[in-house]
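Undergrad: Here is what each chain is made of, one letter per residue.
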Amino acid sequence: MMKIVALAGNPNVGKTTIFNDLTGMRQHVGNWPGVTVEKKEGILEYADEKFLVVDLPGTYSLTAHSVDELVARDFLLKGSADVVVDVVDATALMRNLFLTMEIFEMGLKNIVIALNKMDLAEKKGIEIDARRMESVLGVPVVPLNAKEGIGIDELKRRIYEVANRKAKTDPIMPKYDPAVEREIEHISGALKHTELAEKHNLRWLAIKLLMRDEEVIKLVLRHLGSEKLNEIMRHIGEVEERYKRAMDLIIASQKYEFIDSLMHKFMRYKFEAGETLGDQLDRVLTHPIYGILALFAVFYLVFKFIFAVGMPLQGMLDSAFSSFGQWLAPQIMSDILRGLLVDGVIGGVGAVLSFFPLVFLLFLAMAFLEDVGYMARAAVVMERIMRKFGLPGKSLIPLVLAFGCNVPAVMSTRTLDEEKDRIVTMLINPLIPCSARLSVISFLAGAFFQKNQAFVAVSIYTMSIFLALIMAWFFSKFLVRGESSPFIIELPEYLIPSWKTVLLHSWERSKEFVKKAGTIILTGSIAIWYLSNYPSVMGSGQSYAERIGMFFEPYVRLMGLDWKAAVSLLFGIIAKENVISTYGVLYGSREAIINAMMPLQAYILGLVTTLYIPCIATIGAIRAEAGWKWAFFTMAYMIGLASFMGIVVYHIGIILGF
Amino acid sequence: MNMIVPLNVLKPGEKGMVVNILGGAGARQRLVAMGLTPGATIHVIESHPFGPIILSVSGTRFAIGRGLASKVMVRKL
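Chain order of the listed sequences is A and B.
Going by this note's numbering, the first sequence opens with residue -5, and the numbers climb by one from there.
Going by this note's numbering, the second sequence opens with residue 772, and the numbers climb by one from there.
Among these hints, one or two may not hold up.
Claimed, not checked - Here are the simulated lysine-lysine pairs, BS3-like style, with alpha carbons at most 30 Å apart:
1. B:LYS782 / A:LYS238
2. A:LYS264 / B:LYS786
3. A:LYS509 / A:LYS494
4. A:LYS72 / A:LYS212
5. A:LYS212 / B:LYS842
6. B:LYS847 / A:LYS238
7. A:LYS(-3) / A:LYS505
8. A:LYS118 / B:LYS847
9. B:LYS786 / A:LYS117
10. A:LYS382 / A:LYS471
11. A:LYS222 / A:LYS193
12. A:LYS103 / A:LYS193
Keep in mind the hints are simulated off the structure, nothing from the lab.
Hey, can you work out the whole structure from these sequences and the hints?
TA: The structure is reproduced here in structure tokens:
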């Protein structure tokens, strides 16, 4: 069995860069079981030994209050790691060592500290004696500048030594005031005779119980019973009374005092750094007015970049696949096989892969903005706007991207911290009209409303954006449970990102998308091929697709639409631009629609196309990010919403005499 | 005697030492883990009428929502 090396540390400490330095290209991105937290694994080779490196989520502490922290904590607690590499930011030692002390307190012994950003610390006038730090903390300390790869070999060597017991480690334990220590002893004494003593570090359990950690309370309740637990809790209350503070605050501040007393031994300030360029940039980028202007400028560029570079690539891939299909078609004798392969499989695979450039470029842009440090500033500016609709600032990004394509937009909800915010943002995302729906809306507006073209298009856009915000408010208020995050975010130093990190990151994530969303898109495309070719080809009025359309006619009649519209909408599920091209098949030409519909009907068709159901690629993306349950829910509520709006607008239109 | 006030009333340029954090355990422990702990000195960098406050604690900058900031009690320095 390969030994396991776990990477732990605060966010923004360069954990990902170190992970890449250790593992190179041999890595894999997935999810932690049961949660939408990214799990990265890779292989490290040193001195003929292979290690499995696991990148734990970046956290400031190991409480039970967020999914990220729980994932990291459970992994460490289970003792799954043979070596824990604690990545520490040399420019913010005090705060970083807080997590280090929590890891020490778990009773883990095989720990190596990777002291990253030594170059930045020096610039800030911080001098750290790594040798002294090592002897004070009792575990190996390796100074690093991971971006330049400096110190990585030394880190590998120390990991190897600790993993093979060739280096002694004896982590120092934080000491608290006598009053607190007494409680810790009291609790561990009570736990000593339970089964917990075999599997857990009692000091850690005691400290967490003092902090009223929910998970630990449950655990202790099972083993000690409620009477004993109540007695312990009463004790805690008495101590709190004396300190006039919550117990977790007492413990935290004493832990910081302890860290402070250690730090004097190995760190000093050579000089105080004055106002930096970063401070000045922050003043502009987080400003209520200039900040928003900057935000729009940045997102305009991102948008431009993704679609200017991505769209031609998408087109190229698309036509490559269709020419391949055209080349292949005559070579296959069997009608069924030809149809299945050319229209179903190649069409489907083409659809999946043609999204790849967009998704990749999106992840590239996001990773770049994140690593530069801009994302945190953007979140501050957006916070002012989005919070009114029950969403955190960062949720603006997926909503802006949705105007281009909902698939990368749904994928980008990963940048949100809370599960609840991710789900709500995903649910409303398809309500924002993407560029494919723009093509439908603009075709209908152009064909039926020469005079009021722009007004018609804008009214549909306005309605859907408005509905998206209303639904966001509604879902976050009534449907999706979970704590909405109190807003606090670190504004990391501005940095020039490491291209290797950014590219690798985007590549892994987009590969993941193709794997997860791909199967659904492929299946859907084969299904549609079947429906439109059996029992006879579409246009004959006999295909299953047309029969389905006719079956639904009574329903779409409520909105003033006919069976042909129902068929078109069915095909629109594959890709929204199909709504128009299907009419082309049914009427012989696109232009023939103009004679077949009234302007009011065209308006309804545009509106319903925008609202009714996400395209299959978006459904695939939602299911990849949140699971089938939410993917189905999205389809269901959007069909409901589209029907409601369609019926209401149709009847208002009739009353107004259109 | 210096007054104890919630963090959100500090003006840009002012400093305060954290004396207590009110509110739920979740928010409290999050703040503490990020370095906003009793005894820490907070330097307010930016504060506009709406939205988050920008501050610095031992060299690291943070943005914190007004609601959360109102739960951090500081002694003005």
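Undergrad: Within 30 Å, alpha carbon to alpha carbon, are A:LYS264 and B:LYS786?
TA: 23 Å, holds
Undergrad: Is the hinted pair A:LYS382 and A:LYS471 satisfied, with a Cα-Cα distance of at most 30 Å?
TA: Distance of about 12 Å is within 30 Å: holds.
Undergrad: Can the restraint linking A:LYS72 and A:LYS212 be considered satisfied, given a maximum Cα separation of 30 Å?
TA: Answer holds: A:LYS72 to A:LYS212 is near 17 Å, not above 30 Å.
Undergrad: Taken at face value, is the distance from the CA of A:LYS505 to the CA of A:LYS(-3) at most 30 Å?
TA: 27 Å, holds
Undergrad: B:LYS786 and A:LYS117 were given as a pair; does the straight-line alpha-carbon distance stay at or below 30 Å?
TA: 24 Å, holds
Undergrad: For a C-alpha distance cap of 30 Å, please report whether A:LYS509 and A:LYS494 respect it.
TA: 23 Å, holds
Undergrad: Would you mind confirming whether the straight-line C-alpha gap from A:LYS212 to B:LYS842 stays at or under 30 Å?
TA: 28 Å, holds
Undergrad: Starting from A:LYS118, check that the Cα of B:LYS847 is at most 30 Å away, please.
TA: Since the Cα atoms of A:LYS118 and B:LYS847 sit roughly 26 Å apart, the hinted pair holds (cutoff 30 Å).
Undergrad: Is A:LYS222 close enough to A:LYS193, meaning Cα to Cα at most 30 Å?
TA: 20 Å, holds
Undergrad: With a cut-off of 30 Å on the C-alpha distance, tell me whether B:LYS782 and A:LYS238 pass.
TA: 27 Å, holds
Undergrad: Can you confirm whether the C-alpha distance between A:LYS103 and A:LYS193 stays at or below 30 Å?
TA: 15 Å, holds
Undergrad: Holds or violated: B:LYS847 with A:LYS238, Cα cutoff 30 Å?
TA: At roughly 20 Å apart (the allowed maximum being 30 Å), A:LYS238 and B:LYS847 satisfy the hint.
The earlier numbered hints are all upheld by this structure, with none contradicted.
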